[in-house]
Amino acid sequence: MLDLKQVRQDTQDIARRLARRGFSFDVEAFTELDAARKAADVESQALLAERKQASKKIGELVQSGVAVDEAKRSVNETLDKIASEIDAATEKARAAGAAIEALLLAVPNLPADDVPEGSDESDNVELARWGSAREIANPRDHVDIGEALGGLDFEMASKLTGARFTVMQGGLARLHRALIQFMLDMHTNTHGYTEVYVPYIVNGDSLRGTGQLPKFGEDLFKLHHDPDYYLIPTAEVPVTNLARDRIFEAEEMGEGLHFVAHTPCFRSEAGSHGRDTRGMIRQHQFEKVELVSLVPPGQSEARLELLTSHAEAVLQALELPYRKVLLCGGDMGASARKTYDLEVWLPAQDTYREISSCSDFGDYQARRMQARWRDPDTGKPALLHTLNGSGLAVGRTLVALLENGQQADGSVTLPAALAPYLGGTVTLEP
RNA sequence: GGAGAAGUGGCCGAGUGGUCGAAGGCGCUCCCCUGCUAAGGGAGUAUACGUUAAUAGCGUAUCGAGGGUUCGAAUCCCUCCUUCUCCGCCA
Numbered sequence: 098m099l100d101l102k103q104v105r106q107d108t109q110d111i112a113r114r115l116a117r118r119g120f121s122f123d124v125e126a127f128t129e130l131d132a133a134r135k136a137a138d139v140e141s142q143a144l145l146a147e148r149k150q151a152s153k154k155i156g157e158l159v160q161s162g163v164a165v166d167e168a169k170r171s172v173n174e175t176l177d178k179i180a181s182e183i184d185a186a187t188e189k190a191r192a193a194g195a196a197i198e199a200l201l202l203a204v205p206n207l208p209a210d211d212v213p214e215g216s217d218e219s220d221n222v223e224l225a226r227w228g229s230a231r232e233i234a235n236p237r238d239h240v241d242i243g244e245a246l247g248g249l250d251f252e253m254a255s256k257l258t259g260a261r262f263t264v265m266q267g268g269l270a271r272l273h274r275a276l277i278q279f280m281l282d283m284h285t286n287t288h289g290y291t292e293v294y295v296p297y298i299v300n301g302d303s304l305r306g307t308g309q310l311p312k313f314g315e316d317l318f319k320l321h322h323d324p325d326y327y328l329i330p331t332a333e334v335p336v337t338n339l340a341r342d343r344i345f346e347a348e349e350m351g352e353g354l355h356f357v358a359h360t361p362c363f364r365s366e367a368g369s370h371g372r373d374t375r376g377m378i379r380q381h382q383f384e385k386v387e388l389v390s391l392v393p394p395g396q397s398e399a400r401l402e403l404l405t406s407h408a409e410a411v412l413q414a415l416e417l418p419y420r421k422v423l424l425c426g427g428d429m430g431a432s433a434r435k436t437y438d439l440e441v442w443l444p445a446q447d448t449y450r451e452i453s454s455c456s457d458f459g460d461y462q463a464r465r466m467q468a469r470w471r472d473p474d475t476g477k478p479a480l481l482h483t484l485n486g487s488g489l490a491v492g493r494t495l496v497a498l499l500e501n502g503q504q505a506d507g508s509v510t511l512p513a514a515l516a517p518y519l520g521g522t523v524t525l526e527p
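Just so we're aligned: 201 in the working numbering is position 104 of the first sequence, and the numbers increase by one with no gaps anywhere.
Treat the hints as calculated values from the structure; they're not laboratory data.
A quick note: this is a predicted structure, and the numbers were derived from the prediction, not measured.
Certain hints may be false.
[As the list claims (entries may be wrong)] Derived lysine to aspartate or glutamate pairs resembling EDC-like cross-links, with alpha carbons at most 20 angstroms apart:
#1 K312 x E366
#2 K154 x D138
#3 K189 x E147
[Claimed, not checked] Distance windows between CB atoms, simulated:
#4 S508 x G289: 33 to 43 angstroms
#5 Q467 x D506: 39 to 49 angstroms
#6 H322 x E526: 56 to 66 angstroms
Built from N, CA and C at the ideal position, the CB exists for glycine as well.
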């Protein structure tokens with residue numbers, strides 16, 4: 098969330114900047130709530146101070162030998178007067194504080210200055226293209242290719258569970274697993290990330306930390322458990338929350354903490370919009386290799402470029418044509434202040450589709466989860482900056498490899514980089 | 001799942017109803033001393049909110065979380081969470 102102090106100070110400016118991402122910030126409502134909170138705060142604090150003084154006085158008298166009843170009598174007047182007011186005043190202050198908190202939690206992050214204005218994906222800006230699509234006459238989509246290979250079965254999955262799930266077997270299941278290993282190895286061996294294994298089920302605090310709650314609960318699979326448990330929608334949640342309520346020393350922070358994790362991701366919203374009903378583009382369950390960076394403030398902009406390049410390196414190694422897109426304000430996730438999407442070329446769809454999303458969150462998530470480090474210059478705890486990006490979405494990578502590697506004879510040719518992970522072969526035969 | 005023990009500041013660790021935001025130690029910062037190294041002396045060292053020009057003062061809150069008792073709670077009571085030990089179960 099945003100810094101309450103900053104919002105209070107630069108209210109108009111904040112509202113103007115939020116408007117660039119299509120969020121209308123109710124300045125009047127905020128100002129009113131904040132004033133009410135302040136008034137309630139001052140009132141309850143004054144009453145508490147009064148009671149504290151009176152109690153202290155009783156304590157002093159008792160210590161000096163005065164009987165307790167006697168001591169109480171001497172300050173009774175004050176206490177009687179305020180006893181009834183304190184409950185009401187503190188409750189009022191608590192409610193007013195909660196109201197501000199709720200309002201603030203619903204406000205998205207301020208977009209970075211270079212984020213283009215716009216309301217939806219049509220206002221996104223294409224920055225670069227890499228690779229060139231191979232000419233494929235009458236390209237088949239991954240569903241046809243996968244079923245022809247005998248490795249992709251959506252009907253079986255719907256029998257086991259329902260719509261929006263996949264069963265893979267044989268060479269495809271192996272390719273799927275190989276992709277995960279390949280990505281993890283690249284990020285740990287050449288990009289310097291630390292691999293972590295994390296829970297796939299998280300609590301509400303973690304989801305509030307990264308911003309999925311309170312606003313986007315309908316996108317989550319919630320378990321029957323008390324207290325509330327949720328299946329993770331992305332590894333971003335457990336991995337970023339590794340820093341929740343922590344203060345890192347400058348030495349352990351170094352140039353930043355960089356984690357990579359492979360996890361399944363569970364999304365309930367997928368499918369409710371009727372988009373991508375065919376194939377494994379949009380599933381309730383999919384695998385992702387996720388990059389998460391926690392860096393000292395001021396370093397997140399540079400880190401975003403680096404992190405994005407790490408995701409690009411996977412696409413390049415897999416020889417998949419893609420483009421890099423800068424999201425406009427209206428298309429970004431609420432917590433992000435700047436996001437690059439990497440979109441891979443899908444011949445059958447004759448278009449680029451998102452395969453990675455890399456975002457800089459500034460201190461927005463860190464403030465929610467109180468992820469801090471001890472700033473060596475001041476000696477004081479200061480909020481970290483957080484980033485994450487997919488490196489890559491595994492299911493969609495598989496789709497892209499099938500569609501881009503398809504041959505006229507029904508086989509699929511895979512990039513050489515995968516050979517070590519596939520027992521030396523780079524061809525999938527029907 | 002059962003039985004016990006414990007959760008205090010960056011860390012360790014005192015504190016069972018009163019002036020305790022909290023002794024002491026470690027770590028850290030500044031100063032002094034010391035011709036190296038090591039050691040020594042002194043001062044300071046939580047966070048949030050409010051007030052303020054102020055990162056100065058002052059006020060309020062915070063001792064796992066939430067309730068309760070009390071004029072007053074780190075301290076007493078209740079519920080929950082977590083950790084540890086033992087038992088059960090289990091990949």
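Quick rundown of the hints versus the structure:
1. K312 x E366: Measuring from Cα to Cα gives roughly 13 angstroms; hence the hint holds.
2. K154 x D138: This hinted pair is violated, its Cα atoms lying about 24 angstroms apart.
3. K189 x E147: Holds - the C-alpha atoms of E147 and K189 are around 18 angstroms apart, at most 20 angstroms.
4. S508 x G289: 33 to 43 angstroms: holds (37 angstroms)
5. Q467 x D506: 39 to 49 angstroms: violated (58 angstroms)
6. H322 x E526: 56 to 66 angstroms: The hinted range 56 to 66 angstroms is violated for H322 and E526, with Cβ atoms some 45 angstroms apart.
Comparing the model with each earlier hint shows violations of hints 2, 5 and 6; every other hint is respected.
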